[in-house]
Amino acid sequence: MAENLKFRNPELAQNIASKIKSLAPKAGKIKICHVCGTHEWTITHYGLRSLLPENVEVIAGPGCPVCIVPAAEIDEAVQLAQMGIVVTCFGDVLRVPGSQMSLLEAKAAGADVRIVYAVSDAVEMAKHEPQKQFAFFAVGFETTAPSTAVEALGNPPKNLSFLVSHRLIPPAMELLLGVGDLQIDGFIAPGHVSAIIGLKPYELFPRVYRMPTVVAGFEPIDVLMAIYMIVKQQSEGTAKLENEYPRVVKPEGNIKALEMMNKAFTVTGGNWRGIGRLPDSALQLRESLADYDARLKYGVHVEQGKDILLGCECHLVIIGKIKPDECPMFLKACTPEKPVGACMVSNEGTCRVWAKNVAAQG
Amino acid sequence: MNVDGSKANVDFGQGVLREVNVSLVEAKVGDYVLVHAGYAIQVIEEKEALETLSLWNSILEATPQ
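Chains Z and H supply the protein sequences, listed in that same order. Residue numbers for the first sequence follow the working numbering, beginning at 1 and rising by one. Residue numbers for the second sequence follow the working numbering, beginning at 1 and rising by one.
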């Protein structure tokens with residue numbers, strides 16, 4: 001759509017930036033938190049922080065679904081691979097360090113680990129190689145979980161199983177509010193997670209926590225607009241849930257996708273790398289799909305892994321307590337080519353986003 | 001582009017055509033869809049996109065400097 005260019009229009013951006021400047025309170029800081037690696041990419045790549053007044057800050061929460069997979073679950077995937085099962089996963093996941101090794105290192109040692117673009121690719125592979133056992137490592141937030149559900153419910157081949165590591169975003173947002181010294185004043189909610197879950201899951205943030213919350217799209221104008229809307233709410237003393245992205249996000253979300261998720265999964269407590277256990281924050285396959293649950297099928301379960309390596313500060317980066325350049329390893333011992341922590345491995349990791357867009361930093 | 005059961009051919013621009021699973025959306029030929037990891041997760045309303053742009057313009061004009 002030609003209109004797309006308007007979503008990146010520099011004049012419009014300057015216009016919104018000056019409106020933000022005129023609204024931002026003279027005293028006191030506004031700290032806005034987003035929870036999406038792609039939002040961090042847009043903000044960093046387009047240099048949006050350089051457009052904001054000094055007292056408006058945007059921090060990145062745990063919006064990287066690969067970064068928050070606990071080392072224990074990487075270890076489970078590695079175990080499956082070492083048992084001779086073909087492990088399929090999204091590209092990012094391959095280099096995430098487990099307690100002993102990453103899936104890439106397991107592959108180098110002879111395991112059959114394959115990158116797929118979509119879970120349906122894993123299904124096709126399993127159908128074409130019936131003599132092998134396959135497992136799909138299902139990582140991702142609510143944007144990705146529905147596709148896993150579609151395949152798990154679609155009578156997949158018996159030689160395929162799922163290692164489910166999906167996580168849910170709203171519990172992570174709630175966690176951030178409990179981190180006392182973070183002092184968040186507003187949330188930018190992730191647009192594509194919201195395309196699935198709709199607006200309802202965020203209602204508690206303005207209602208209970210008095211937190212202005214705006215669901216935003218991923219073009220630079222979308223994000224600037226959302227920042228403007230939050231700052232405007234702050235200046236008026238209101239706390240509302242607003243939708244900046246109605247062209248994609250319906251208030252009810254994607255009903256079909258939610259139904260599929262509900263049919264395939266139950267919600268359970270889950271561990272988040274660098275954060276710990278969050279109640280009601282993870283998905284696991286329902287009993288009716290137990291035959292496709294890789295953990296049950298092969299008896300793999302790792303209780304505790306080595307989440308954070310010595311010197312790594314990913315656990316502080318993912319909750320927005322420090323910025324990547326405040327980590328002593330950033331771009332020294334830890335680079336995109338030789339990453340130490342998960343935040344530098346994943347394309348949605350805050351550290352990798354900063355490292356790859358360093359020129360754009362104001 | 002064309003729909004066949006749960007799959008559709010989607011034009012990603014510049015002549016790139018990919019098969020996408022559309023079982024999560026109600027899409028017809030000609031619709032724009034949001035695709036994530038090989039699956040369409042939402043139909044994009046062009047009308048909404050245009051309305052959003054005009055709404056932004058009116059917000060920006062209305063706010064006092």
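Hints are not guaranteed to be accurate.
[Said to hold, decoys possible] Short, incomplete list of chain H residues facing chain Z, as computed with Cβ under 8 Å:
(1) 9
(2) 11
(3) 13
(4) 14
(5) 16
(6) 17
(7) 21
(8) 29
(9) 30
(10) 34
(11) 39
(12) 42
(13) 53
(14) 56
Treat the hints as calculated values from the structure; they're not laboratory data. We treat Cβ as the ideally placed atom computed from N, Cα and C, and that holds for glycine.
Results of checking the hints against the structure:
no.	hint	in the structure
1	9	violated (15 Å)
2	11	violated (12 Å)
3	13	violated (10 Å)
4	14	violated (14 Å)
5	16	violated (13 Å)
6	17	violated (15 Å)
7	21	holds (6 Å)
8	29	violated (17 Å)
9	30	violated (13 Å)
10	34	holds (6 Å)
11	39	holds (4 Å)
12	42	holds (4 Å)
13	53	holds (6 Å)
14	56	holds (6 Å)
Of the numbered hints stated above, those contradicted by the structure are hints 1, 2, 3, 4, 5, 6, 8, 9, listed in ascending order.
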